[in-house]
Amino acid sequence: MRQTSLQISELTGGQLSGPENIVLESVASLKNAAASDLSYAEPRFQANALQSNAGCILVSAVPVEASANRSFIVVRNPKLAFAQAATVLLWKPQSGTPIHSTAVIDPSVTIGEGTRVGAGCVLGQNVKVGTGCVLYPRVVLYPNVEIGDNVIIHAGAVIGADGFGFVKDGDRYVKFPQIGTVIIEDDVEIGANTCIDRGSLETTVIRRGTKIDNLVQIAHNVEIGEHTVIAAQTGISGSSTVGPRSIIGGQVGIGEHARLDPQTILGGQAGVLNGKRVRGGEILWGTPARPLKEFLEQQAHLSRLPNWIDEIKRKLGLRGKLDS
Amino acid sequence: MRQTSLQISELTGGQLSGPENIVLESVASLKNAAASDLSYAEPRFQANALQSNAGCILVSAVPVEASANRSFIVVRNPKLAFAQAATVLLWKPQSGTPIHSTAVIDPSVTIGEGTRVGAGCVLGQNVKVGTGCVLYPRVVLYPNVEIGDNVIIHAGAVIGADGFGFVKDGDRYVKFPQIGTVIIEDDVEIGANTCIDRGSLETTVIRRGTKIDNLVQIAHNVEIGEHTVIAAQTGISGSSTVGPRSIIGGQVGIGEHARLDPQTILGGQAGVLNGKRVRGGEILWGTPARPLKEFLEQQAHLSRLPNWIDEIKRKLGLRGKLDS
Amino acid sequence: MRQTSLQISELTGGQLSGPENIVLESVASLKNAAASDLSYAEPRFQANALQSNAGCILVSAVPVEASANRSFIVVRNPKLAFAQAATVLLWKPQSGTPIHSTAVIDPSVTIGEGTRVGAGCVLGQNVKVGTGCVLYPRVVLYPNVEIGDNVIIHAGAVIGADGFGFVKDGDRYVKFPQIGTVIIEDDVEIGANTCIDRGSLETTVIRRGTKIDNLVQIAHNVEIGEHTVIAAQTGISGSSTVGPRSIIGGQVGIGEHARLDPQTILGGQAGVLNGKRVRGGEILWGTPARPLKEFLEQQAHLSRLPNWIDEIKRKLGLRGKLDS
Numbered sequence: 028m029r030q031t032s033l034q035i036s037e038l039t040g041g042q043l044s045g046p047e048n049i050v051l052e053s054v055a056s057l058k059n060a061a062a063s064d065l066s067y068a069e070p071r072f073q074a075n076a077l078q079s080n081a082g083c084i085l086v087s088a089v090p091v092e093a094s095a096n097r098s099f100i101v102v103r104n105p106k107l108a109f110a111q112a113a114t115v116l117l118w119k120p121q122s123g124t125p126i127h128s129t130a131v132i133d134p135s136v137t138i139g140e141g142t143r144v145g146a147g148c149v150l151g152q153n154v155k156v157g158t159g160c161v162l163y164p165r166v167v168l169y170p171n172v173e174i175g176d177n178v179i180i181h182a183g184a185v186i187g188a189d190g191f192g193f194v195k196d197g198d199r200y201v202k203f204p205q206i207g208t209v210i211i212e213d214d215v216e217i218g219a220n221t222c223i224d225r226g227s228l229e230t231t232v233i234r235r236g237t238k239i240d241n242l243v244q245i246a247h248n249v250e251i252g253e254h255t256v257i258a259a260q261t262g263i264s265g266s267s268t269v270g271p272r273s274i275i276g277g278q279v280g281i282g283e284h285a286r287l288d289p290q291t292i293l294g295g296q297a298g299v300l301n302g303k304r305v306r307g308g309e310i311l312w313g314t315p316a317r318p319l320k321e322f323l324e325q326q327a328h329l330s331r332l333p334n335w336i337d338e339i340k341r342k343l344g345l346r347g348k349l350d351s
Numbered sequence: 028m029r030q031t032s033l034q035i036s037e038l039t040g041g042q043l044s045g046p047e048n049i050v051l052e053s054v055a056s057l058k059n060a061a062a063s064d065l066s067y068a069e070p071r072f073q074a075n076a077l078q079s080n081a082g083c084i085l086v087s088a089v090p091v092e093a094s095a096n097r098s099f100i101v102v103r104n105p106k107l108a109f110a111q112a113a114t115v116l117l118w119k120p121q122s123g124t125p126i127h128s129t130a131v132i133d134p135s136v137t138i139g140e141g142t143r144v145g146a147g148c149v150l151g152q153n154v155k156v157g158t159g160c161v162l163y164p165r166v167v168l169y170p171n172v173e174i175g176d177n178v179i180i181h182a183g184a185v186i187g188a189d190g191f192g193f194v195k196d197g198d199r200y201v202k203f204p205q206i207g208t209v210i211i212e213d214d215v216e217i218g219a220n221t222c223i224d225r226g227s228l229e230t231t232v233i234r235r236g237t238k239i240d241n242l243v244q245i246a247h248n249v250e251i252g253e254h255t256v257i258a259a260q261t262g263i264s265g266s267s268t269v270g271p272r273s274i275i276g277g278q279v280g281i282g283e284h285a286r287l288d289p290q291t292i293l294g295g296q297a298g299v300l301n302g303k304r305v306r307g308g309e310i311l312w313g314t315p316a317r318p319l320k321e322f323l324e325q326q327a328h329l330s331r332l333p334n335w336i337d338e339i340k341r342k343l344g345l346r347g348k349l350d351s
Numbered sequence: 028m029r030q031t032s033l034q035i036s037e038l039t040g041g042q043l044s045g046p047e048n049i050v051l052e053s054v055a056s057l058k059n060a061a062a063s064d065l066s067y068a069e070p071r072f073q074a075n076a077l078q079s080n081a082g083c084i085l086v087s088a089v090p091v092e093a094s095a096n097r098s099f100i101v102v103r104n105p106k107l108a109f110a111q112a113a114t115v116l117l118w119k120p121q122s123g124t125p126i127h128s129t130a131v132i133d134p135s136v137t138i139g140e141g142t143r144v145g146a147g148c149v150l151g152q153n154v155k156v157g158t159g160c161v162l163y164p165r166v167v168l169y170p171n172v173e174i175g176d177n178v179i180i181h182a183g184a185v186i187g188a189d190g191f192g193f194v195k196d197g198d199r200y201v202k203f204p205q206i207g208t209v210i211i212e213d214d215v216e217i218g219a220n221t222c223i224d225r226g227s228l229e230t231t232v233i234r235r236g237t238k239i240d241n242l243v244q245i246a247h248n249v250e251i252g253e254h255t256v257i258a259a260q261t262g263i264s265g266s267s268t269v270g271p272r273s274i275i276g277g278q279v280g281i282g283e284h285a286r287l288d289p290q291t292i293l294g295g296q297a298g299v300l301n302g303k304r305v306r307g308g309e310i311l312w313g314t315p316a317r318p319l320k321e322f323l324e325q326q327a328h329l330s331r332l333p334n335w336i337d338e339i340k341r342k343l344g345l346r347g348k349l350d351s
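Chains as they are written, first to last, in our numbering: chain A, 28 to 351; chain B, 28 to 351; chain C, 28 to 351.
Hint data in this document are derived by calculation from the structure and do not stem from the laboratory. The reader is advised that the hints may include incorrect statements.
No distinction is drawn between identical chains; accordingly, a pair holds when it is met within one copy or between any pair of copies.
What the hints assert, rightly or not - With a cut-off of at most 35 Å between alpha-carbon atoms, the simulated DSBU-like pairs for lysine-lysine come out as follows:
#	residue 1	residue 2
1	202	119
2	58	195
3	342	155
4	155	58
5	320	195
6	58	202
7	340	303
8	119	340
9	303	342
10	303	58
Sequences and hints are given; from them, build the entire structure.
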């Protein structure tokens with residue numbers, strides 16, 4: 028939705044420097060921007076703003092004089108202001124019917140106003156989807172799954188498949204009942220081909236505002252707190268809880284019945300053991316996950332170990348090299 | 028399918044204590060159960076059984092007197108008995124046609140009695156599916172794939188895609204023929220968005236009773252033995268074999284041409300090298316995978332290393348701190 | 028497409044030994060081959076060629092006399108010659124319409140000659156697909172994605188979903204615009220359920236000849252160089268570049284803004300940190316990734332550490348065992 032530079036400055040609460048009437052139609056990086064684009068410069072890349080052809084640039088301080096065909100808007104956080112302005116600039120009235128004709132939707136399903144359901148989606152019995160959601164093509168919602176408002180689910184995601192629960196009977200495995208459901212709260216985004224299993228006897232819950240990347244696995248009975256981000260290919264095992272405002276890197280593995288405090292931060296590929304309680308507020312890394320400082324110190328010692336052992340052995344007159 | 032407390036006691040071979048005629052219609056956890064639910068208490072949670080509203084509870088010992096509206100059934104393994112009873116209680120006659128009208132099924136496909144094929148499934152040429160299977164929406168079976176009886180395949184799983192095999196020709200890669208197939212034996216369950224590749228010149232085989240979680244990758248020519256469980260996001264590379272009755276954790280990586288003995292147990296995120304033979308019967312962890320006790324001992328030493336090196340150096344009068 | 032032994036020798040530039048007129052209709056392993064099959068023997072398995080029933084065998088040296096019903100063809104690289112010959116032998120004229128009737132294709136899409144689009148594929152606005160491509164069932168191409176010639180995309184792959192980019196606004200996350208696209212160059216193969224995200228403001232690019240396995244995650248703005256192979260379940264984070272002719276093992280994790288030189292080789296489960304520059308030409312392993320030799324040496328030291336510490340402590344008269 029076309030905006031003037033003045034409108035963008037009002038929208039972002041910024042200080043306009045230069046013409047008020049520059050017409051902006053889209054957004055772009057500094058490098059790719061044309062005269063009708065809004066762009067932004069992070070403080071350390073401010074110099075690049077001078078070379079850009081953008082019609083208007085969000086900055087934290089004005090780098091040069093604005094000109095007749097370029098404005099700057101000074102804001103506290105240019106990247107955030109850019110993301111907020113982009114929401115308005117890129118908004119388009121949706122054309123066509125909101126529910127694609129190839130979507131398979133059980134008659135019992137309820138779908139809120141403004142929600143779009145893409146080609147080939149499958150929504151099972153008693154599924155509820157709120158208002159303003161986007162389901163991209165081929166999303167599967169198993170029966171009874173409940174989706175809040177303004178939720179985005181990318182192609183191929185599967186919500187509500189059976190949890191992975193079996194009971195051993197001699198050599199064989201007997202399926203444990205998987206009759207719980209999944210609740211996805213408002214403003215959640217779920218990546219392509221991600222899987223979120225239904226609860227076994229309880230409910231799997233993804234709380235408000237949480238963002239989940241592609242190919243993530245969330246097992247039965249898990250609860251993910253509000254405003255948490257989970258990067259691609261991470262797996263969270265059954266009955267674990269992740270506290271609100273946590274940041275979980277890619278390919279992290281979290282065991283069963285683990286309990287992560289609010290604001291837990293886990294580096295990529297970290298591993299949390301079954302039943303573990305994890306403290307929030309600091310960065311953890313490695314398997315088993317430990318404080319980042321500790322992990323890096325151990326890695327450093329490990330890499331120096333051969334030399335130290337050799338030195339000690341020479342001093343002690345011990346025979347042989349370490350690797351002998 | 029509704030059952031009385033007496034019927035459940037007969038079904039599970041347990042000892043009924045309390046009324047025989049309590050009518051049970053579903054199952055639930057102790058916490059969520061209502062009067063028409065069957066529940067169970069594991070020995071350590073036996074006390075919780077007292078607070079439950081369940082009409083009938085499977086226990087390993089009766090915690091209190093049964094009452095006019097609650098029975099206990101004493102069994103050796105309450106969780107197993109609960110899973111077995113749930114199969115009967117939750118059984119429903121399937122309504123509607125078993126093959127969804129949007130499934131795309133080649134005319135050469137054979138499908139056994141009682142098998143259900145969900146919306147948007149695609150079954151290629153000469154695919155065979157046995158009796159009593161459930162294919163959830165959007166499962167893809169490439170040509171020639173063979174599925175046994177009572178197999179469950181969750182949404183988005185892809186069985187029989189080409190293996191990842193190429194031969195180098197200078198800088199370029201030439202595709203190696205991927206013309207084998209996949210055989211899935213009886214009673215296997217396969218998770219959502221899991222991929223099982225066809226053999227290149229041989230066959231990829233998943234033996235009877237094996238359970239595979241979501242987002243698992245099984246490469247060409249792999250053979251997985253009977254009654255094995257494989258947790259989410261694990262990857263098994265080409266031509267490896269996993270022995271029967273193994274337990275493979277989540278995010279485990281197994282290299283090419285590895286050979287895992289029967290009853291191999293691999294902890295989450297463990298890594299097995301190409302060509303490696305892995306002994307069964309004990310828990311292995313880490314990359315490269317080693318016995319759990321060894322792995323934990325090494326981790327413990329690693330964490331104490333800085334202090335020990337410092338102490339040794341002080342004693343020896345060696346200059347500097349380890350990290351200097 | 029049926030070939031004689033003579034034709035195969037000409038096709039592969041090999042030296043024919045034995046009858047010229049053996050008719051070959053397919054390919055098989057030495058073990059499975061019948062009289063109408065072409066097979067091959069790698070040098071170390073040459074002895075196995077004697078037991079095979081194959082009508083013609085590609086070898087690096089003739090192991091025995093050819094006979095009236097079996098030829099050998101001597102080539103420098105039997106496996107490569109086999110793969111090349113298989114391309115011709117297994118070629119079939121495609122029957123049926125190339126675009127499956129259940130594919131959902133926006134009217135603005137352009138599709139090149141000879142390209143096949145499987146059941147349930149979804150191709151969004153302005154998608155371009157070149158000639159000779161195969162899209163297996165249920166591939167999703169988001170709007171504006173561009174696919175070159177002779178590209179193979181396996182079932183369930185999702186190309187062009189939004190990148191995982193958000194800007195923090197207090198506790199909440201605001202979506203960063205994801206309006207770039209994806210370009211897949213010629214001769215690329217993409218595995219089942221793999222996800223390649225669109226660029227945020229730039230373009231995600233997969234260069235010519237690169238092969239990507241199943242369940243791989245490629246984030247926004249990534250560029251993968253030519254003739255690179257990426258094994259299953261690997262994840263490459265936003266704005267990273269992988270140099271041409273690289274070999275990336277399975278379950279590898281690469282952080283954001285990393286830069287991998289040409290011919291980088293990463294072992295399975297290796298981890299590359301955010302912003303890291305990785306040198307090519309040698310094998311790297313572990314997290315953080317380091318040269319293989321170094322990694323193995325450190326692992327060896329780690330496993331011997333308990334014994335060495337004990338020995339040193341005895342010598343020094345230090346009290347207690349290491350683990351005391």
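Now the hints, each set against the structure:
1. 202 with 119: Between copies, since 16 Å is at most 35 Å while 47 Å is not.
2. 58 with 195: Classified as between; 24 Å across copies, 60 Å inside a copy.
3. 342 with 155: neither (73 Å within a copy, 70 Å between copies)
4. 155 with 58: So residue 155 and residue 58 pass the 35 Å test across copies only (25 Å; inside, 43 Å).
5. 320 with 195: between (41 Å within a copy, 25 Å between copies)
6. 58 with 202: between (56 Å within a copy, 21 Å between copies)
7. 340 with 303: between (39 Å within a copy, 34 Å between copies)
8. 119 with 340: neither (72 Å within a copy, 69 Å between copies)
9. 303 with 342: neither (42 Å within a copy, 38 Å between copies)
10. 303 with 58: Between copies only: 23 Å across, 46 Å inside.
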